[in-house]
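Asker: Listed below, chain by chain, are the residues.
2 protein chains.
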Amino acid sequence: MTETRPYVDWKLVNDFMIDVFEAYGVPREDAAICADVLLESDRRGIESHGCNRFKPIYLDRIKLGTLKPVTQIEILKETPTTVVMDAHDGMGMVASHKMMTMLIEKAKTYGMAGGAIMNSTHYGIAGYWTGMAEKAGMIGISGTNARPSVAPTFGVEPMMGTNPLTWTIPTDEDFPFNFDCATSTIQNGKIEFYERMGKETPAGLVVNRKGETMTDSGKILKDMRKGQAALLPLGGLGEETGGYKGYGFTTIVEIMSAALCGGPFMKDLNGVNEDGSPRLYHLGHFFIVINPEFFMGLDTFKKTAGDICRALRASAKAPGADRIYTAGEKEHEAWLDRKDKGVPVGESIQKEFIQLRDELGLDYHFPFED
Amino acid sequence: MTETRPYVDWKLVNDFMIDVFEAYGVPREDAAICADVLLESDRRGIESHGCNRFKPIYLDRIKLGTLKPVTQIEILKETPTTVVMDAHDGMGMVASHKMMTMLIEKAKTYGMAGGAIMNSTHYGIAGYWTGMAEKAGMIGISGTNARPSVAPTFGVEPMMGTNPLTWTIPTDEDFPFNFDCATSTIQNGKIEFYERMGKETPAGLVVNRKGETMTDSGKILKDMRKGQAALLPLGGLGEETGGYKGYGFTTIVEIMSAALCGGPFMKDLNGVNEDGSPRLYHLGHFFIVINPEFFMGLDTFKKTAGDICRALRASAKAPGADRIYTAGEKEHEAWLDRKDKGVPVGESIQKEFIQLRDELGLDYHFPFED
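So the protein lines, in turn, are chains P and G. Those letters in the first sequence? Residues 2 to 371, by the working numbering. Those letters in the second sequence? Residues 2 to 371, by the working numbering.
Okay, chain P solo, but in the shape it has when bound (with noise of 0.2 Å):
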């Protein structure tokens, strides 16, 4: 992929981040986490949630008052193997940060461990968190609930989140096995993408009041914020292709996400009161930690892994098609193309990464301004 934007050496952006973060009132040592989160997705090349969502998705919402910047961490439950925290609308990723940390050390003790977390907030992408167990060598899963956007088979309104229900898993290569995407065929930032392509949306990935899928991708966006479009859950519309598959992985993560929390779910996640005027967010989040050493040890289970994953990238290809990929693989050689050179910085990114030096008076220079 030919990159025209220009690269920002990482350590400059996550200075830059967390002497932001902290300006905004997050402690420094929270700010380390969060920019540490938002940047993974960059090294990953996950552009949609990264540096981009660093001003709009956190630090405006710390000024709305909906994301609070200071994260009292309650912890409502805990036993040898679980935890249930409430993070009273703080940063969802101190939160998941504890979270991980406790739950690796009980899997290391227990084998197997669980959490939850109510009253939380967007936690960046799901794998950041699964990726803590990988890298303590143990299998991770997590999802997390989100605003309404996903309509069920055989229904044409906005229930559940995107939903991620994401697995990352040791493997013997050089990066592991990470699968972490939403559970709807698309998101909203792939039809934004579209849009400034000026692309028609794939047919049977959203759903209009009438039943029918819509292709029309700036009519999408408009009909997506009225509440008159829908995403359709992976395996599209209807049941013919496997719809209701989809549906229902959506509906675990909606219901593990809330449930073992006790927390709010669905149209309660909206962001706005009925007035229009901004909400908490309330989100929820759920946790599972395996520890292969308690199966048949963990060299067992990443030789086993990293055998599956080769033999299904040497397998007979389409005609046309280069590569057969495995989950994770993109994200690691965006790493290896990026960890060099650094973050590419749109410049809708570098114009506010500008004005939230300026107005807070740091003393950065960027690249991207010579």
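Please note that the accuracy of each hint is not assured.
Identical chains share a label here; the pair holds if one copy fits it or two copies do between them.
Said to hold, decoys possible - Once the Cα atoms are required to be at most 25 Å apart in a straight line, the calculated PhoX-like pairs of lysine-lysine come out as:
#, residue 1, residue 2
1, Lys268, Lys318
2, Lys200, Lys304
3, Lys78, Lys109
4, Lys304, Lys78
5, Lys191, Lys331
Read the hints as simulated data drawn from the structure, not as lab findings.
Chain P is already provided as a structure; the job is to place chain G on it using the hints.
Answerer: Quick look at chain G alone, frame taken from chain P:
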């Protein structure tokens, strides 16, 4: 649905299956487990995994020597929260029953439990095992590998099984949330159904060696037997409609079913040697049990799970759609319809039952003989 097949009393079929299994060398207590698993499928209206499989998938394989009627369960590893078993090619249903019984006990004490079985055989509907957890007030998760039939995204070769990733979740309703299906868009059985009906298989479900989707149901079945056609993962062909997500879910199950127990996977599960002679299946399964009492309690959990299901069903329907279902609802309604009537038994199964009875000299009279 109008039922043209005669109904046979549940107890009669159950007793008959137990007696037949016993005559085939399965210990009576194990036979009772196996009959219950097969009939649970019929109770739920899942015709593909019920008494239609009694003879071809179990009895015939016992005769052939690829399924051992006496299940020698070896516990390879046990910790307070985990179990790994070798089923030594015995009845997968018997090993799975023992596994879930152990895991439920562990989850009562520790909140979380996980298990894996190697050298197993077909374990029936995955939802039976997750349902055991649900009946104990817990969340059950399970998956199994299977004979390779699914191609990876951009691939055309059957590499992985239809690999269900099954969850049963307690609710405060009369029935649980029960999500039990293959991670491919479609299974063999459904294509056989389309062929019997003289119907085309919808596009986007099966791929040929040219990387094109196939719709001729007869040709699909023929080509799949030769390994020249493969099922597509949930989400369909390529990446545009999310096929890589279904591919990810299928791979997760492939890894979890083999790597935790160190068992075989993919092509090694073909069931035939290179010379075409039958081979032991050596399947692998995995199981996770989560006890909501170690989170915010079972009642809280069930209420939230039920509220989510009810809200989904009550949401705006597509014009022409009568109902929105939640996973497990159709199965529950099948049971309500059948519980007083019995098992619907079609002609081919009637013949198998009569033949088995006569072969074994058992004293049964079936209503369809009148």
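Asker: Looking back at the numbered hints, which does the structure fail to meet, lowest number first?
Answerer: Those not satisfied come down to hint 2.
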